[in-house]
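Q: Single-letter residue listing:
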Amino acid sequence: MVTAAYNKMEMMICTAARFLEDGTTVAVGTGAPCAAAMLAQKVNAPNLVIIFEAGGLAPLLPQMPISVGDSRTFFRGIMAAGMNEMMTTCCRGMVDFAFLGGAQIDKYGNINSTVIGDYHKPKVRFPGSGGANDFASFCWRTMIIAVQNQSRFVEHVDFVTSPGYLSGPGAREDAGLPAGSGPYKIITDLAVMGFHPESKEMMVESIHQGVELRDIMQNTGFSPVISESIKTTPPPSDTELKVLREEVDPCRYIIGRK
Amino acid sequence: MNIIEEGRSPLFMDPDPDKAREFFRGKPRAMTDKRMTEKESVDKFIPDGCYLAIGGFGANRIPTAILHEILRARRRNLGFLGHTSTHDFQLLCAGNCLKKVDVAYIIGLEARGLSPNARRVMESGKIEVCEWTNYALCVRLRAAAEGVSFGIARSMLGTDTLKMSGAKVIECPFTGKHFVALPAVWPDVAVIHVHESDIYGNCHIRGISVADLELARAAKRVIITAERLVDSYAIRINPTRTVIPFYLVDAVVEVPFGSYPGNMAYEYFSDEEHLAQWLKAEKDPGEFQKFLDKYIYNVSSFEEYLELCGGIKKLKELRKLEALVDN
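Just so you know, the protein sequences line up as chains G and H, in that order.
Going by this note's numbering, the residue at position 76 of the first sequence is 76; the numbering climbs one at a time, nothing skipped.
Just add 258 to wherever you are in the second sequence, counting from 1, and you've got this note's numbering.
So here's chain H without its partners, still in its complex pose (with noise of 0.2 Å):
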């Protein structure tokens, strides 16, 4: 095939779909109980080194109850594929936990502004970097899903995002246009927080899916956390609301109010001013080390956080920002 340009940054992961199968042969389809502890979920599924994705969409959804687990296991050496990542992008930052990124967004917390310490993370040059577009990683994630080695798209185009990503140009059998070979990849390990979940891993997800559906298939492993676990039966009393079923999933992890102090569509909106603390504290690197013992080295689980944050009042607050409620 004639390769018309081709980007200078190095793949972090093999494109080859015939290693994944192999992978997915040996993957368990039985269906079983996978209830575990953020804290057993991180032992098991995220080593040190691992290539890992985030669900949700920055500070949307987030799991962010298993991102301070993975701080507080001091993770190092860590890949990661970030479409719009923000809060949970900020918290690798904060843990020091990344070394190569393949990235669309990152640094910023959108309209809440820059991180400054993502930012000090990032301008430091000892983090490899694979630029792509929030579109060209959706189309890598379901090439994966889609067992083939490559996707294709006309993001990049013509620009520097293109040179500076791991895409080759290449020119259509059919047209002899040109089009965007995007490779396939298959996270080692991809974390979702979602509404509901059953023990076997069965999940319901309320609002947008952002990448989630094609992660949860492109994902080697797969750890859920869930708002709340619900019996099987209100899986199989309405199939057509399974979003990911259990086959995928490696490990559930039940976690009230999971995706704090981001927004969950239909529960809690985001707390922006506990997301203003982190933007504030990180100006001082000093400060925001004891803001990080504060909030998360000092903590023993996600429940001892939200109440260090306000607890069930705060959460009542955000509840009624959601709904709209006496607004």
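The shape of chain G in the complex, shown without the other chains (with noise of 0.2 Å):
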């Protein structure tokens, strides 16, 4: 049932808690990300296993973590191990999920966050990749969270700094990355988007209440995919909501974000 209003953030955190299975593997990082992982684990998914990249495997998250190497990344954890271990797990293929962000990401699920402008010569410089190339090449289905606009979701990115689908059908596999793996779902303000199975475009599958379908066109810098079988997002549930509120971020840290 669903009475409570709710607002995008926890909009996001509740859709893409639900994509996260159980008995499943998950590499996160701070914020929005693990902020559904959390939830997930504490609703849907009891036995989903959370992986920080700087070592910490499985932990009970007392709180959000600030890092992604902090001491709370392996809180009470399986193992407190290295980098070498979580990133060679995630090689051999048992990383299920990753989250991923970035300054801008395309019809293919490229996502940059290196630069914007000229390399040589930025208009502005973001961090990098940091362990963002590594699950994007790695783990199975990769998916992103992030508020959908026209400066965001760009026909042509200006760095590819983590694979998505790169050109198009079979670029992935051509170039090298392990077969069957890639983007898997953008979680967006306005609408969940997978990929098309031929085409590997980006692919409107359920719009959240309230927004239309020109909404989601005018935040987008190119053309989506409209599945045939559009839906509507189901809203957070009662249950999501309290437990997203009292016990994931009770602080307010990431669904207080304006």
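Treat the hints as calculated values from the structure; they're not laboratory data.
We treat Cβ as the ideally placed atom computed from N, Cα and C, and that holds for glycine.
Don't take every hint at face value.
Straight-line alpha carbon distances no greater than 30 Å define the calculated DSSO-like cross-link-like pairs of lysine-lysine that follow [what the hints assert, rightly or not]:
| no. | chain 1 | residue 1 | chain 2 | residue 2 |
| --- | --- | --- | --- | --- |
| 1 | G | Lys123 | H | Lys571 |
| 2 | G | Lys185 | H | Lys435 |
| 3 | H | Lys297 | G | Lys121 |
| 4 | G | Lys123 | H | Lys426 |
| 5 | H | Lys578 | G | Lys42 |
| 6 | H | Lys285 | G | Lys121 |
| 7 | G | Lys123 | H | Lys358 |
| 8 | H | Lys384 | H | Lys421 |
| 9 | H | Lys541 | G | Lys123 |
| 10 | G | Lys121 | H | Lys571 |
| 11 | H | Lys426 | G | Lys121 |
| 12 | G | Lys242 | H | Lys578 |
| 13 | H | Lys297 | G | Lys123 |
| 14 | G | Lys121 | H | Lys478 |
| 15 | H | Lys478 | H | Lys541 |
| 16 | H | Lys302 | H | Lys578 |
| 17 | G | Lys123 | H | Lys548 |
| 18 | H | Lys384 | H | Lys478 |
| 19 | H | Lys421 | G | Lys185 |
| 20 | H | Lys297 | H | Lys358 |
| 21 | H | Lys435 | H | Lys478 |
| 22 | G | Lys8 | G | Lys185 |
| 23 | H | Lys538 | G | Lys8 |
| 24 | H | Lys302 | G | Lys121 |
| 25 | G | Lys231 | G | Lys242 |
| 26 | G | Lys123 | H | Lys538 |
| 27 | H | Lys302 | H | Lys285 |
| 28 | H | Lys435 | G | Lys121 |
| 29 | G | Lys123 | H | Lys435 |
Partial list, derived from the structure: chain G residues whose beta carbon lies under 10 Å from chain H [claimed, not checked]:
| no. | residue |
| --- | --- |
| 30 | Asn7 |
| 31 | Arg72 |
| 32 | Met87 |
Put the two chains together into one complex; each comes in its own frame, and the hints tell you how they fit.
A: As structure tokens, then:
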């Protein structure tokens, strides 16, 4: 049952959490992805194994970590290892999901978190890959949680930091990336987008309540494919909102963001 | 070997393992007392122009005292290796210490935001950059530790990160598949903060080791800063816990609260207020210079810095936060 009002961030986190399946592994960063993984663990995926690239394995997260290497990322965990252990687990094909973020994303799910403008004379320099390129290369299904607008969802990214489907069908495999891996879902404040099974182009799968298809078009710098069986995204349930607000992010670090 | 594609950025360090072996041949193995001060260790092992790598993870288990000393010594033209580097990179940018950087994650402080000054430095075009990923840098260090000239991974394939790296894509002689050859890197010096060390440099780390086990074995010289010095008996009674053995280590510096304002697992949490002050001060270059004078340049020791930041009262609060007591 749904009665409570909710904000965009809560909508995105609850939606993302539902894609995480019980008994799987997920590599996360700080912020919304971590909140989604914590929520999934408490609501729909109690046996979800959370992995942090700096070495934390399966913590019982007491609070939101500030860094993917801070002590909360292995608080009462199964193992406090290192980057090599976590990344090679991804390389072997044992990590099912990963969350990524970036300044720009294109229709094939390629992500830029390195520079805006010319590489050698950047208008804006961003942090770079960190572990994102590794996750995007090795994890089976990668997801993004992001606010949708024209400056983020662009026809061409200025720099491909992390691989989506690159230039289209077959391109990942041609480049040497593991077959069967790649972008899975993009969860925004407007919609959930997947990727067309043949063309590998971003495809609107469900629209959030109160959002029109034209809102999505106006906030996307390219024309996404529209699924033939487009749905309305189910809103957060009372249980999800209660757990998110009271257990996952009681200080509203993430869900309080504007 | 068939090279399918190669990155355009220059390699800053020679990947020849025999040159590295020649260096390691001469590295002392004697178990001697390696204690020294922060200043002595910087004077001795971190000259202008050397290639430096910092242990830990950005603002977790970092050797802050040595970084401050590098700034006070006005070191210039350093090379740097940064898998996720945050406050460490922010400090080196603040001191204008850098010339060429192998990077995976820079400028940002993760959930805290981006460093305005590090961004100015990196957007100035004065720093040579070579792009990698966190795992790629880990593999490069691992290859160095193994004494081979390159490691292999599938990171960066198909991306601009690869184009702006110094990696090469090669064909596997067994399967014909494409892999990325990542050149070994032997940093001139690594600085790693640990929980406990004896006077010889035998170290214990609690919690995650990040890439420090590889780093300690790849670097030509290693400076250890330790929360506390322990008697060698504490090492010998439980050799299972030793993660860095003495013969890798060149200097041991005892620095209680040495990762402050960063997090030190099981000891103290990060000082988020102070890290936020950094980001605020950096917005205005003039203000930032005063901030740096106050907290680094006009300060004579790390103890004095800790006092300036709130001393024992503040540190007790951070201990409490770390232990999740009374929260």
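Q: Determine for every hint whether it applies to the structure shown.
A: Against the structure, the hints come out as follows:
Between lysine 123 (chain G) and lysine 571 (chain H) the alpha-carbon distance is near 43 Å, which puts this suggested pair outside the 30 Å criterion. Distance check on the hinted pair: lysine 185 (chain G) and lysine 435 (chain H) sit about 28 Å apart at the alpha-carbon level, within 30 Å; holds. In summary, the hint linking lysine 297 (chain H) to lysine 121 (chain G) is not supported, as the alpha carbons are separated by about 37 Å, beyond the 30 Å threshold. A hinted pair counts as satisfied when its Cα atoms are at most 30 Å apart, and lysine 123 (chain G) with lysine 426 (chain H) qualifies at roughly 28 Å.
Between lysine 578 (chain H) and lysine 42 (chain G), the direct Cα distance comes to roughly 26 Å. Compliance with the 30 Å bound is thereby established for this hinted pair. For the suggested pair lysine 285 (chain H) and lysine 121 (chain G), the alpha carbons sit about 42 Å apart, so the restraint of at most 30 Å is broken. The straight-line distance between the Cα atoms of lysine 123 (chain G) and lysine 358 (chain H) is roughly 20 Å, inside the 30 Å bound, and the hint therefore holds. A distance of roughly 20 Å separates the Cα atoms of lysine 384 (chain H) and lysine 421 (chain H); the hinted pair therefore holds under the 30 Å criterion.
Proposed proximity of lysine 541 (chain H) and lysine 123 (chain G) is supported: the alpha carbons are some 17 Å apart, at most 30 Å. For the hint linking lysine 121 (chain G) to lysine 571 (chain H), the alpha-carbon distance of about 46 Å lies beyond 30 Å, and the restraint is violated. Proposed proximity of lysine 426 (chain H) and lysine 121 (chain G) is supported: the alpha carbons are some 24 Å apart, at most 30 Å. At roughly 28 Å between alpha-carbon atoms, lysine 242 (chain G) and lysine 578 (chain H) fall within 30 Å of each other, so this suggested pair holds.
The suggested pairing of lysine 297 (chain H) with lysine 123 (chain G) is violated, with an alpha-carbon distance near 38 Å, which exceeds 30 Å. At most 30 Å may separate the alpha-carbon atoms for a hinted pair to count; lysine 121 (chain G) and lysine 478 (chain H) exceed this at roughly 34 Å. Restraint check for lysine 478 (chain H) and lysine 541 (chain H): not satisfied, since their Cα atoms lie roughly 37 Å apart, outside the 30 Å limit. Restraint check for lysine 302 (chain H) and lysine 578 (chain H): not satisfied, since their Cα atoms lie roughly 37 Å apart, outside the 30 Å limit.
Proximity of lysine 123 (chain G) to lysine 548 (chain H) is assessed by CA-CA distance (about 27 Å); at most 30 Å being required, the pair is judged to hold. Straight-line distance between C-alpha atoms of lysine 384 (chain H) and lysine 478 (chain H) comes to about 27 Å, which keeps the hinted pair within the 30 Å bound. Only pairs whose Cα atoms come within 30 Å are accepted, and lysine 421 (chain H) paired with lysine 185 (chain G) is accepted, the gap being roughly 27 Å. Taking the CA atoms of lysine 297 (chain H) and lysine 358 (chain H), the gap is near 24 Å; set against the 30 Å cutoff, the hint holds.
For a cut-off of 30 Å, the pair hint linking lysine 435 (chain H) to lysine 478 (chain H) is broken: about 34 Å separates their Cα positions. For the proposed pair lysine 8 (chain G) and lysine 185 (chain G), the alpha carbon gap of about 17 Å is at most 30 Å, so the pair holds. Restraint check for lysine 538 (chain H) and lysine 8 (chain G): satisfied, since their Cα atoms lie roughly 28 Å apart, inside the 30 Å limit. With a C-alpha separation of about 36 Å, the suggested pairing of lysine 302 (chain H) with lysine 121 (chain G) is violated against the 30 Å cut-off.
As the CA atoms of lysine 231 (chain G) and lysine 242 (chain G) are separated by approximately 25 Å, the hinted pair is consistent with the 30 Å bound. Taken as a hint, the lysine 123 (chain G) and lysine 538 (chain H) pair is honoured in the structure, with Cα atoms around 22 Å apart against an allowance of 30 Å. Of the supplied pair hints, the one linking lysine 302 (chain H) and lysine 285 (chain H) holds, its CA atoms being roughly 15 Å apart against a limit of 30 Å. As the CA atoms of lysine 435 (chain H) and lysine 121 (chain G) are separated by approximately 35 Å, the hinted pair breaks the 30 Å bound.
As the CA atoms of lysine 123 (chain G) and lysine 435 (chain H) are separated by approximately 37 Å, the hinted pair breaks the 30 Å bound. Look at asparagine 7 (chain G): its Cβ only gets to about 19 Å from chain H, farther than 10 Å, so that hint breaks. Taking 10 Å as the C-beta cut-off, the interface hint given for arginine 72 (chain G) holds, the closest approach to chain H being about 9 Å. For methionine 87 (chain G), the interface hint holds, the least distance from its beta-carbon to any beta-carbon of chain H being 4 Å, beneath 10 Å.
Hints 1, 3, 6, 10, 13, 14, 15, 16, 21, 24, 28, 29 and 30 from the earlier list are contradicted by this structure; the remaining hints agree with it.
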